[in-house]
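Sequence lines, in order, name chains A and B.
Read in order, the letters of the first sequence correspond to residues 17 to 241 in my numbering.
Read in order, the letters of the second sequence correspond to residues 427 to 725 in my numbering.
I should point out that these hints are in silico values taken from the structure, not numbers from a laboratory.
Be aware that a few hints might be false.
[Said to hold, decoys possible] For each label pair, taking beta carbons as the anchor points, the in silico distance ranges come out as:
| # | chain 1 | residue 1 | chain 2 | residue 2 | range |
| --- | --- | --- | --- | --- | --- |
| 1 | B | R483 | A | D87 | 52 to 62 Å |
| 2 | A | V222 | B | R444 | 20 to 30 Å |
| 3 | A | T134 | B | L697 | 22 to 32 Å |
| 4 | A | Q83 | B | A671 | 57 to 67 Å |
| 5 | A | D79 | B | A671 | 55 to 65 Å |
| 6 | A | P51 | B | A629 | 48 to 58 Å |
| 7 | A | G30 | B | A629 | 16 to 26 Å |
| 8 | B | L674 | A | D87 | 23 to 33 Å |
Ideal Cβ placement from N, Cα and C applies to all residues, glycine included.
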Amino acid sequence: MIELENVAYSYGGGALLSEISLKLAPGSFHFLTGPSGAGKTTLLKLCYGALLPTSGEVLLFGDSVSQLERDDIAVLRRRMGVVHQDCRFLDHLSVSENIALPLNVSGRPAEAARDDLTELMAWVGLTHRAAALPPELSGGERQRAALARAVIMSPDVVLADEPTGNVDWEMSQRLLRLLVELNKMGKTVLIATHDLSLIRAAKSQVQARVLRIANRRVQLAGADL
Amino acid sequence: MRRIDLKRLLLGDKNADRVVPPSGFTAQLTLFAAAAMAFLAVFAMALSLASGRLAARWGDELARSSTIRIVAPLDQRSAQTEAALQILETTAGVAYARALDAAEQQALLAPWFGADLDLQALPVPQLIEVIEEDIGFDAAGLRLRLAAEVPGAILDDHSRWRAPLVAAANRLRLLGWISAVLLGASVAAMVTLAANAALAANAQVIAVLRLVGATDRYIAQAFIRRFTLRALGGALVGTVLAMMAVSLLPEASDTAGFLTGLGFQGWQWFLPFLIPLLCALVALVATGAAAQRALKRLA
Chain A
17 MIELENVAYS YGGGALLSEI SLKLAPGSFH FLTGPSGAGK TTLLKLCYGA LLPTSGEVLL
77 FGDSVSQLER DDIAVLRRRM GVVHQDCRFL DHLSVSENIA LPLNVSGRPA EAARDDLTEL
137 MAWVGLTHRA AALPPELSGG ERQRAALARA VIMSPDVVLA DEPTGNVDWE MSQRLLRLLV
197 ELNKMGKTVL IATHDLSLIR AAKSQVQARV LRIANRRVQL AGADL
Chain B
427 MRRIDLKRLL LGDKNADRVV PPSGFTAQLT LFAAAAMAFL AVFAMALSLA SGRLAARWGD
487 ELARSSTIRI VAPLDQRSAQ TEAALQILET TAGVAYARAL DAAEQQALLA PWFGADLDLQ
547 ALPVPQLIEV IEEDIGFDAA GLRLRLAAEV PGAILDDHSR WRAPLVAAAN RLRLLGWISA
607 VLLGASVAAM VTLAANAALA ANAQVIAVLR LVGATDRYIA QAFIRRFTLR ALGGALVGTV
667 LAMMAVSLLP EASDTAGFLT GLGFQGWQWF LPFLIPLLCA LVALVATGAA AQRALKRLA
């Protein structure tokens, strides 16, 4: 599904990541942890083709990103849902329009997917906020809206970058439950977080593989988590 | 960026149109600039077409007519006029020649001396109008024959003053078209600047669109359509206003000269409607190029 083979990434002359080999199998659940600045976001961006590796190979659904055109990567990205810590919305569009955005850019009329959208808004508990503008939402509501937008195309993979970074404990548990639910529907989930309590809480709900970035490399985390 | 989807560009996509935030003041400036450029372009076109008509008229009509003045004592004037007419009858390339009568000569002088002028009281030369055939006549040869047989005859084939006038009219026409091209280039520059500013200001929007799987073509089209429609709308308003202004100009008349003949004639009234289409085309190409550069830079 997503595969990194001996990937290295450098920026401004300095190596950020090196010798990264990673395979996200269908239906698997992964945490990616490590201190701030370790390269979690960079690795996530490599996973969804926003960055190209300096060396090595990133395979998205069997295709090497280095061989693909930008537009081809964009089309493949429709099979991946991405949740950012800062959510990134179009502030002039309503919450429901933002959630429906992946449908619009892929040429699927939102009208045809109206039922899916209604169901999804209810699933993340934002039905009452459908007409609101993103700046009017609380941190938790923004994260849930971002999650809804990430899954509206029914992607094979959900990649989340610090999805609980700006929300309280209760809301982070709610978001975690939603992500676990997605995994139980067969989606592959990769969550980058430095919040170890989130990982501990997830272990009781799902069989998760925890990866840690240290010294520019990815290693399987020990039982201390 | 691969080819633009023209069908989608023309028909539009309500949802795609909404992804680019409205830019308020910048949008109004783009509309205004397109309208102003189109307004000026219509006048440049009118000037160019009028100059073309004038050059053609001076070139065709005046080139086919000449005048012979008989400057001779009053008692010899008739004989010399008759002699000149006989020479003209046998001159190859002369289609027709006739002596103006007293009333016609008086009408020619009336603007300066009034209608009550007594031609006999003034040493006014007798005028002979000469109309040429298409092949024209040998002016130098005719001058020599006239000098030999009609000493008071002076041939004026209008070439002295016609040539610079035709050249001036042609230059004016060229200037009109150059102005129109420069105005088109200005539209391209203005739209490029506005599109670059919009693309730079919307880097975050582009990042979000890419995040959710938008292709460069989709993003570019959203911007291209926005700016193309603005340029088309502004230019249409400017063109209509300019055509109204041109239609209010005085109609062409023989006595009022060049300035009254500036409007369009006949089918030429349809030509200005090309200006909004050209503006839209220029905006499409300019925004497309700007979007391509910006999307590559932001990748």
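Against the structure, the hints come out as follows:
1. B/R483 <-> A/D87: 52 to 62 Å: The hinted range 52 to 62 Å holds for B/R483 and A/D87, with Cβ atoms some 57 Å apart.
2. A/V222 <-> B/R444: 20 to 30 Å: 38 Å, violated
3. A/T134 <-> B/L697: 22 to 32 Å: Violated, at about 54 Å.
4. A/Q83 <-> B/A671: 57 to 67 Å: 59 Å, holds
5. A/D79 <-> B/A671: 55 to 65 Å: 60 Å, holds
6. A/P51 <-> B/A629: 48 to 58 Å: 29 Å, violated
7. A/G30 <-> B/A629: 16 to 26 Å: 25 Å, holds
8. B/L674 <-> A/D87: 23 to 33 Å: 52 Å, violated
Hint violations for this structure: numbers 2, 3, 6, 8, all remaining hints satisfied.
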